[in-house]
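Here is how the chains run, residue by residue.
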Amino acid sequence: MKYLANVTTLQYASDKCTGCGRCVEVCPQGVFVMRDKRAAITDRDLCMECGACAMNCEFGAISVNSGVGCATAIINSMLTGGEPTCGCGDAGGSSCCS
Amino acid sequence: MQMQTLKFIKKTAPPWSNGTVSTPNGPVYKVSTDWTRPDYWGMIKSRAGAFRMNYAVEPGLYAVGEPTKDSDVLVTANYKLSFDTLRRELKGLNAWVLVLDTKSINVWCAAGKGTFGTDELIKRISDTRLDTVVSHRRIILPQLGAIGVNASIVQKQTGFRVSFGPVRAQDIPAYIGAKYKKTPGISRIRFTILDRLVLTPLEINPAMKKFPWFAAVVLFLFGLQPSGILFAHAWHGGLLFLVMGLLAVFAGAFLTPALLPFIPFRSFAIKGWIVGMLMVFLFTQVFNAIVLHDTILLIVAFLLFPAMSSYLALQFTGATTFTGISGVKKELKIGLPIYIGTASISLVLMIVFKLKEWGVV
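So the protein lines, in turn, are chains H and G.
Take the first sequence: its position 66, counting from 1, is numbered 66 in our numbering, and each next residue is one higher.
Take the second sequence: its position 306, counting from 1, is numbered 404 in our numbering, and each next residue is one higher.
Keep in mind that a hint or two might mislead.
Once the Cα atoms are required to be at most 16 Å apart in a straight line, the calculated EDC-like pairs of lysine to aspartate or glutamate come out as [claimed, not checked]:
1. K428/G to E25/H
2. K279/G to E25/H
3. K201/G to D217/G
4. K280/G to D45/H
Reference listing, derived: stretches of chain G covered by chain H, where coverage requires no fewer than 3 residues with Cβ under 8 Å from a Cβ of chain H [as the list claims (entries may be wrong)]:
5. 129-138
6. 248-255
Hints listed in this document are in silico derivations from the structure and should not be mistaken for laboratory results.
Beta carbons are placed, not taken as given, at the ideal position from N, Cα and C, and that holds for glycine.
Just need the whole structure built from these sequences, with the hints factored in.
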């Protein structure tokens, strides 16, 4: 299953890549593969912007605006002007988190 | 002293432990790899959303089997369902389990929030004096923990090298058996129909909590007469709208998530609208001849309920495994004005319908 095309904020600068393979190890969507001892992107539209790759790229080759992809959280942030936060800490229980 | 500690531990041992294992820092609980009835019951209740907050395990170090200084260390969250899912998959293995304090939230969500994070892992490694328990310097984290844990900082601060293991606990034995090598299948997150169905109660529950408000407005509008609110009137037209409201919840919070890959278009808003439209269409085909004879009501039904289903379907993006924040923002940017517009137009049409009913127009 793929989500909307051409919306991901994933940026990858292959010249900074040292080929450590962390991004391949952490990406749950198979966006990265190793090709000629460097990471390469297979299909950007597979990216769910979780941020695991950027978090674990020691060499600053990857950036992505990650965040809670939960509609309620985004609506609330639109209303309050803050960052979207997942409501799963609330007693009411939110569908963001299972 | 040692005896006393053991006695104390035995007295308050959690129900899922089966003894203790001694470490240089005192005994730690041994964890059973079998589930008992309370574990199953707890899973059902947490899936249904009955208690999200306090289904927790005490953070710290635990043992599975008879681990030694060379045994693997597996890290998990202190949400009991996460912990239970892990221990159940470790039958026959000897390993240490390090439970982080994630405020009883699962690994993925906690990693997103940062509680399953770099700082907490470093703190827990030092608090449990893990370096004295094992002689190696490797720890295995669930892959989805990588969202919150920076492996290179952990290694610099603790000396432990983080390996991000499989996404699912069930793949851990295979992962360890393959000498910590992951096949692409092990690293990919899945979203099967079962995964989706398990999540639907948490879509339906919040929607149904708001349903009484919707019902109140509908019954008020249909019941309102120049002479006051008449219940007979409220039920006459209102009931069908209430049923369609329930159908919209069913379409958006259950059918759309369940049938997700089979509904055309990638946008969740459109998917939900299509399913909602289908439901309203089928419903009016069945009941049109009987009651929904008014054109205005028919228009309202076709405007409002697919939009409701669409809105509810959009909520499911928060629970899926493949939607990103940028996409949801884009959908909301287009969708929200449409939802608000649709609700407003429906209300205006309802007022027109009432005025007609009263013979004013």
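Now for the hints, and whether the structure bears them out:
no.	hint	result
1	K428/G to E25/H	violated, 29 Å
2	K279/G to E25/H	holds, 10 Å
3	K201/G to D217/G	holds, 14 Å
4	K280/G to D45/H	violated, 23 Å
5	129-138	violated (count 0)
6	248-255	holds (count 3)
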